[in-house]
Amino acid sequence: MSDSSVTGAAVSRLLSIGEFSRYAGISVRMLRHYDERGLLTPASVDAFTSYRRYAPEQLRIAGRIRTLRDAGCGIPLIEELLPLFAAPDALRARLAQHAASLEAAAAELEAQKRLTLSLADALDTPSAQVGERVFPAVRTLWLRRTVACYPAEGEMWADLRELMARPDAVDPARFGDLIGATYFDEEFRDDDVEMAIWRDYDGPFTARDGFDIVELPAQRVAWTTHRGDFDTISNATETLGAWIAERGFTRAGAPFNVYVVGPGREKDPAKWITEVNVPIA
1 MSDSSVTGAA VSRLLSIGEF SRYAGISVRM LRHYDERGLL TPASVDAFTS
51 YRRYAPEQLR IAGRIRTLRD AGCGIPLIEE LLPLFAAPDA LRARLAQHAA
101 SLEAAAAELE AQKRLTLSLA DALDTPSAQV GERVFPAVRT LWLRRTVACY
151 PAEGEMWADL RELMARPDAV DPARFGDLIG ATYFDEEFRD DDVEMAIWRD
201 YDGPFTARDG FDIVELPAQR VAWTTHRGDF DTISNATETL GAWIAERGFT
251 RAGAPFNVYV VGPGREKDPA KWITEVNVPI A
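Residue numbers (full-length UniProt numbering): 1 to 281.
Read the hints as simulated data drawn from the structure, not as lab findings. Each residue gets a CB set at the ideal place from its N, CA and C atoms; glycine is no exception. Fair warning: there could be bad hints in the mix.
As the list claims (entries may be wrong) - Derived Cβ-Cβ restraints for the label pairs, each shown as a range:
1. G38 with T67: 47 to 53 Å
2. G25 with R92: 23 to 29 Å
3. L102 with E266: 25 to 31 Å
4. E187 with S127: 22 to 28 Å
5. M164 with G72: 38 to 44 Å
6. G63 with V261: 30 to 36 Å
7. V261 with P88: 46 to 52 Å
8. D191 with D268: 42 to 48 Å
9. E186 with R32: 51 to 57 Å
10. M164 with D190: 56 to 62 Å
11. G154 with G63: 39 to 45 Å
12. R32 with R92: 41 to 47 Å
Turn these sequences into a full structure, and let the hints guide you.
This is how it looks when you write it as structure tokens:
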């Protein structure tokens, strides 16, 4: 846009790019970048020198851009949000969505931090010991489902807690201490994971809400103990896989975990104890 195209404002009222940068709190380099991306186009661009000038009222737009940028919004999202300042309700809803995405990102970063620290701790930790045993047959209250990902297992346990709170459905006194989860996919999956959660139960039960009674047979398994949260439980499965292959065994059923001490009993993940089992033949 040339100077001749400016309307409603005298050239003397326009701010140089340096002045505008100072008032807006945005570097000249970024102002040029925002111009190139169409986010903040100068009010005037000299046809011969390409010198940019800005109208004072553009400082408000610049402030919105700066705040959105500092709030973790990339340029595509800023482009989406800027017009919504004229529609506050829509803007609030969209900002709430962005806040939720930031919470998810923060949780992922926290998990990465924990994993980093656990890797450092593992340098002084001896390798897990693998054993062989016959896991006894057990009658279980069982819920099998395909969930979004492995951490979504927690949603299934929440459903079980809800069921256990209903005296018309189960007798809490008839549950034992054995708590576990079985994983049916042949390979590790990032999504759409088929699993079952279960607890030993010797009381009456009528199938409902996806829950049923399943008799698990006795199984010969290779097993090891994992201590701590589930971020590093793959260390246990790696150790088991190597042990099984080196001894010429093959996997003969769905792997399963037994939660000796888990989230339902202990808040501190450092105190969790999980027995990782792989049926073998």
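Going down the list of hints, with the structure as the test:
no.: 1; hint: G38 with T67: 47 to 53 Å; verdict: violated, 19 Å
no.: 2; hint: G25 with R92: 23 to 29 Å; verdict: holds, 24 Å
no.: 3; hint: L102 with E266: 25 to 31 Å; verdict: holds, 29 Å
no.: 4; hint: E187 with S127: 22 to 28 Å; verdict: holds, 24 Å
no.: 5; hint: M164 with G72: 38 to 44 Å; verdict: holds, 40 Å
no.: 6; hint: G63 with V261: 30 to 36 Å; verdict: violated, 52 Å
no.: 7; hint: V261 with P88: 46 to 52 Å; verdict: holds, 49 Å
no.: 8; hint: D191 with D268: 42 to 48 Å; verdict: violated, 29 Å
no.: 9; hint: E186 with R32: 51 to 57 Å; verdict: holds, 54 Å
no.: 10; hint: M164 with D190: 56 to 62 Å; verdict: violated, 31 Å
no.: 11; hint: G154 with G63: 39 to 45 Å; verdict: holds, 41 Å
no.: 12; hint: R32 with R92: 41 to 47 Å; verdict: violated, 32 Å
Hints 1, 6, 8, 10, 12 from the earlier list are contradicted by this structure; the remaining hints agree with it.
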